[in-house]
Amino acid sequence: MNSTNQKVSRKRRISPSEILFKVIMYGILVAIAVCFLIPFMFLFLGSFKGESELFRVPFKWLPDRFSFDNYVKMFQTIPFFTYLRNTLIIVGFNIAGSLISCSLAAYGFARLHWTGRDKVFMIVIVTMILPYQVTLVPLFLLFNKLGWIGTFLPLIVPCFFGNPFFIFLLRQFFVGVPDEITYAARVDGASEFRIYLSILMPMAKPALATVAIFAFIRSWNDFIGPLVFLSGDELYTLSLAASMLKSPLNPNWALLLTLGSLMVLPVLILFFILQKYFIQGIAMSGVKG
Amino acid sequence: MKKRKMNLKRTEFKHAMLFISPWIFGVIVFTLYPILSSLYYSFCEYKVVQDPIFVGLQNYKDLFADKTFLKALYNTGYMILIGVPITTFTAIWVSILLNNKKLKYTGVFRIMFFIPTLIPTVVACLLWVWMLQPDSGIINRLLGAFGISGPGWISSVTWSKPAFILIMIWTCGNAIIIYLAGLQDISDSLYEAAALDGAGFFRQTISITIPLLKSTILYNVVTLIIGVFQWFAEPYIITSGGPDNSTMFYALYLYQNAFQFFKMGYASAMAWVLLIIAMAIILVLFKVFKFNEVDS
Amino acid sequence: MNRRKVISFGMAAVMTAGMLAGCGGTGTTATSSASGSTSSASKAGSYENAKVEINGMVAEDTDLTGEFTYWSAFTGDSQTWDQSRVDLFNELYADKGIKCNVQFVPDGAGVNNGKLLSAIAGGTGPDVFISDNPTSVYTYATNGSLEDLSEPLDKVGINLDDFFPGCKDVIYYKDTPYLIPQDANVIMLYYNPDIATEVGLDPDTPPTTLEELDQWADAMTKVDADGNYERFGLIPWLDSGNDAFVVPYIMGCDPYDAAANKLDLTSDTMVNYLEWVQSYAQKYNPEKIQSFTSGLGGMFSPDHAFMRGKVGMTITGNWFSNALKIYAPDVNYKVCAVPVPEGGRANSTTFGVNVFGIPTGAKNAELATLFIKFCLSSQVNDDNFKQWRSIPTSDAAFDDVSLTKEGDEMYALEREIANSPENGIPALCSVSAELSTSFQAFRESVIYSNADIKAGLQELQDKFQKQLDAEN
Chain L
57 MNSTNQKVSR KRRISPSEIL FKVIMYGILV AIAVCFLIPF MFLFLGSFKG ESELFRVPFK
117 WLPDRFSFDN YVKMFQTIPF FTYLRNTLII VGFNIAGSLI SCSLAAYGFA RLHWTGRDKV
177 FMIVIVTMIL PYQVTLVPLF LLFNKLGWIG TFLPLIVPCF FGNPFFIFLL RQFFVGVPDE
237 ITYAARVDGA SEFRIYLSIL MPMAKPALAT VAIFAFIRSW NDFIGPLVFL SGDELYTLSL
297 AASMLKSPLN PNWALLLTLG SLMVLPVLIL FFILQKYFIQ GIAMSGVKG
Chain C
158 MKKRKMNLKR TEFKHAMLFI SPWIFGVIVF TLYPILSSLY YSFCEYKVVQ DPIFVGLQNY
218 KDLFADKTFL KALYNTGYMI LIGVPITTFT AIWVSILLNN KKLKYTGVFR IMFFIPTLIP
278 TVVACLLWVW MLQPDSGIIN RLLGAFGISG PGWISSVTWS KPAFILIMIW TCGNAIIIYL
338 AGLQDISDSL YEAAALDGAG FFRQTISITI PLLKSTILYN VVTLIIGVFQ WFAEPYIITS
398 GGPDNSTMFY ALYLYQNAFQ FFKMGYASAM AWVLLIIAMA IILVLFKVFK FNEVDS
Chain S
16 MNRRKVISFG MAAVMTAGML AGCGGTGTTA TSSASGSTSS ASKAGSYENA KVEINGMVAE
76 DTDLTGEFTY WSAFTGDSQT WDQSRVDLFN ELYADKGIKC NVQFVPDGAG VNNGKLLSAI
136 AGGTGPDVFI SDNPTSVYTY ATNGSLEDLS EPLDKVGINL DDFFPGCKDV IYYKDTPYLI
196 PQDANVIMLY YNPDIATEVG LDPDTPPTTL EELDQWADAM TKVDADGNYE RFGLIPWLDS
256 GNDAFVVPYI MGCDPYDAAA NKLDLTSDTM VNYLEWVQSY AQKYNPEKIQ SFTSGLGGMF
316 SPDHAFMRGK VGMTITGNWF SNALKIYAPD VNYKVCAVPV PEGGRANSTT FGVNVFGIPT
376 GAKNAELATL FIKFCLSSQV NDDNFKQWRS IPTSDAAFDD VSLTKEGDEM YALEREIANS
436 PENGIPALCS VSAELSTSFQ AFRESVIYSN ADIKAGLQEL QDKFQKQLDA EN
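Chains as they are written, first to last, in this note's numbering: chain L, 57 to 345; chain C, 158 to 453; chain S, 16 to 487.
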């Protein structure tokens, strides 16, 4: 993939005409995008195929007929909407919690000048590194003492107290905002919280949207957290359900592909609606121009 | 800024503490407490169900005599030295293409690159197993169309790690999103000025885009490296570390020790070694990227 | 290796029939609808008997009452089967106020991912769990995470002497019973009679010794004009997966002596086994074999080399029959006992088991044991057996299984093999999970990297013997 990139860009320098440039750029994009999409096509089209059709030799992309049997069977097999509801509750709180707590902390690390700040920020970085495997048992015992096991709380409460990845991300954005912008407000006597809320936050919409999306994906796909902290079918999430459809000897391909499609499609639609807003829409127009 | 008065600094400190107080609480309860527990466990033999027994530095000594551990370290290093640069290169390139104002429909492409991160890990892993099949897999059939006889990928000792690099690239949608957001920050006027000076697209990229993208690149590289150190679900589901431990990565081995071999103390020692190695790498990166420069 | 059971259609139907007839509790049930669930009307009789007995089990006299939690490792279709079993239990015991609350916990009932461990440490473990990973669960028994079952077993009347002697390796740790196998599986040689006939071998006299097996393998192997392999007779590690000591044990190894707490990984039989594996790896070039061995989704996809006709024989468990039935119904197969070298365990097997255990601190160990007893019965397992060809854990229980009554040939062979006094479950000890993983990794390095067998085994021996000595 990369070698094509280079080759093509060298070619482009040789003949820098606008049209050729575009053709090549689209060519590269389409080529890479197709590579990225193949698994997804298999996933989506596969959800309409029977188990035997999936493995037919030679392989055929399109199903013989678009059968919704897998979908019907999946809704019979798992309480999809209960799992969806549970997932959405966890996801919703995760997004809200991350946005509030991480933007506050990031403001403290990026916009305020205080002694020892960068050293304290190193702690943020350090906490990113520790693998969850070693914190899992102490955390479980802690949550257990609090009586939180078997509730959504272990999956919700911590995100209201900051996530190092998101703090780091938002800090990088806040740091980039020139001091002059907030300086004027400060001279006018605006409080730090006011500056945070009415100047920085609106300007950081792309970054915040990014955090929201990451918080979404993180909790949407989280498997080990729900597995360890939740108990009982009625609390399970969709990603947990995905791992339960598969048994070691029988991957249950057709149903897995179906659930996978159902987990991807709504998000995809949502993403389609939001993406314009969250990357393209705000070119930080007021800031840099 | 350095000429600010002391009392102003003190108020700022007070404000800062207010702003970061939720994080401080969180870090003490949900992070510091488990980290310190694990530091203590790393000096113990700890089977979770029994009380920890203090064994001093034994776990650390054992670690560096443990061939599987060294192999896991090597495999993880391989991914960081080879996989991370390739992934970063791809992600930056794709983002720059997607950010090009002259191209239309970039929104659709963005979504395509982002789709892989939306697929549940279990399902994504099965898809990769399917695609990487030596005979029937789509990748080798594509290669076959170009006359290349594809390798055995995940069932080959030599090709299993490159297979995981493919997966790493495939899931770089997160990084692309962040690069794109970072690219938004770069003013068009810079490019226009450069264009007037006769700089072509390639030159503009090298001399404007990349330098101004520095803090974004830093963030992505750091999270990618941390991601590699914590990489668990994919190798666990796809290969369980095989064949011949060629995909035994750090977090997978740590997990095995913690939850399958009942060696929580040993796993904690691994976590601390990881912490120190990762810290060292990240500090070097910060130096290289002159992390604090933006502030002054 | 993991063994999972898929849906038992029959049982679910019987239950539904029972409920429709309004006969919950202990009553006898309508027969007509039950017979509909079996494949032919002539079998309805035996089926009906089995069912009445299921209901008869309610009569289990007990003063116990209350609820208990059960963590099931079963996922996918097997989950449906287990749910139906729990529903039946609850129906039978409803009037005694006994209720089983089942939770399906992926990854071997939380055994493989720290959930069960954390829960036991936090005192929130279940009253009983079932796991498909005896190697790992056994280490739970050795480190005090499980309850001693002697008393509760006595109370509900489960006699451990009824179990096949080979199951005792997993039941006892230091003479105390901790784990109860629900069912067992038998390892056999699967071979394709059509390929055998094609190359002039007699499918009715399968190989019994290692030399004969090698001869068969050679005869079945087919190379095309360019020197590429079109078909292999046997790839010894094809289905070995995460079975570490299964084939070595059948070939005569005794990797661990529980009484002396001594490992013996460097024995001649072990070296011979690995040399045998290595000889195949060298002969065939593992780089070329790869495309044959990495079946999509293990054996549960039509990509398996045996189903594709790319390999003539493979050593695996009885569950493979079900995979063949689902994914390759047209492929002919026959089974025989695993051929062994001189000094090997002829006509024998290791038992692959799903085991019940009761975590330390369980509130209702006795009720849990009552449930275990219910789950052990042939009737409850009948569909399980029928579909997977897995077997009961005692010889007597064979008589109640439909497959036996139908005179199924393969099942008779399984019973014969199951009765071999040489059967066992090898290398269960306080470090068995890590030992098994390390041994598999070493086997792979023998295959792919041509590792030095004796030196590698000695290294493993030293490392794990040291750990075992430290435990005591």
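Just so you know, these hints were derived from the structure itself, not from any lab. Be careful, since some hints might not be right.
Said to hold, decoys possible - For lysine-lysine, the following DSS-like pairs were computed, each having C-alpha atoms within a straight-line distance of at most 30 Å:
no.	chain 1	residue 1	chain 2	residue 2
1	S	Lys481	S	Lys469
2	S	Lys469	S	Lys277
3	C	Lys371	L	Lys175
4	C	Lys318	S	Lys114
5	C	Lys259	C	Lys371
6	L	Lys261	C	Lys258
7	C	Lys228	S	Lys114
8	L	Lys129	S	Lys481
To be verified - Using C-beta positions, here's what the derived DEER-type ranges look like:
no.	chain 1	residue 1	chain 2	residue 2	range
9	L	Leu209	S	Met425	47 to 57 Å
10	L	Phe131	C	Ala222	50 to 60 Å
11	C	Ala222	S	Asp76	40 to 50 Å
12	S	Gly159	L	Arg250	30 to 40 Å
13	L	Leu144	C	Arg298	47 to 57 Å
As the structure is a computational prediction, the values presented were derived from the model and not from experiment. We treat Cβ as the ideally placed atom computed from N, Cα and C, and that holds for glycine.
The hints, checked one at a time:
1. S:Lys481 x S:Lys469: holds (18 Å)
2. S:Lys469 x S:Lys277: Holds - the C-alpha atoms of Lys277 (chain S) and Lys469 (chain S) are around 18 Å apart, at most 30 Å.
3. C:Lys371 x L:Lys175: Given that 30 Å is the threshold and the Cα spacing comes to 21 Å, the pair holds.
4. C:Lys318 x S:Lys114: violated (50 Å)
5. C:Lys259 x C:Lys371: OK: Lys259 (chain C) and Lys371 (chain C) at ~24 Å, within 30 Å.
6. L:Lys261 x C:Lys258: holds (20 Å)
7. C:Lys228 x S:Lys114: Outside the cut-off at roughly 49 Å; violated.
8. L:Lys129 x S:Lys481: violated (52 Å)
9. L:Leu209 x S:Met425: 47 to 57 Å: Holds: the Cβ-Cβ distance is about 52 Å, inside 47 to 57 Å.
10. L:Phe131 x C:Ala222: 50 to 60 Å: holds (54 Å)
11. C:Ala222 x S:Asp76: 40 to 50 Å: violated (58 Å)
12. S:Gly159 x L:Arg250: 30 to 40 Å: Given about 59 Å between the Cβ atoms, the range is violated.
13. L:Leu144 x C:Arg298: 47 to 57 Å: Violated, at about 39 Å.
The earlier numbered hints that this structure contradicts are 4, 7, 8, 11, 12 and 13.
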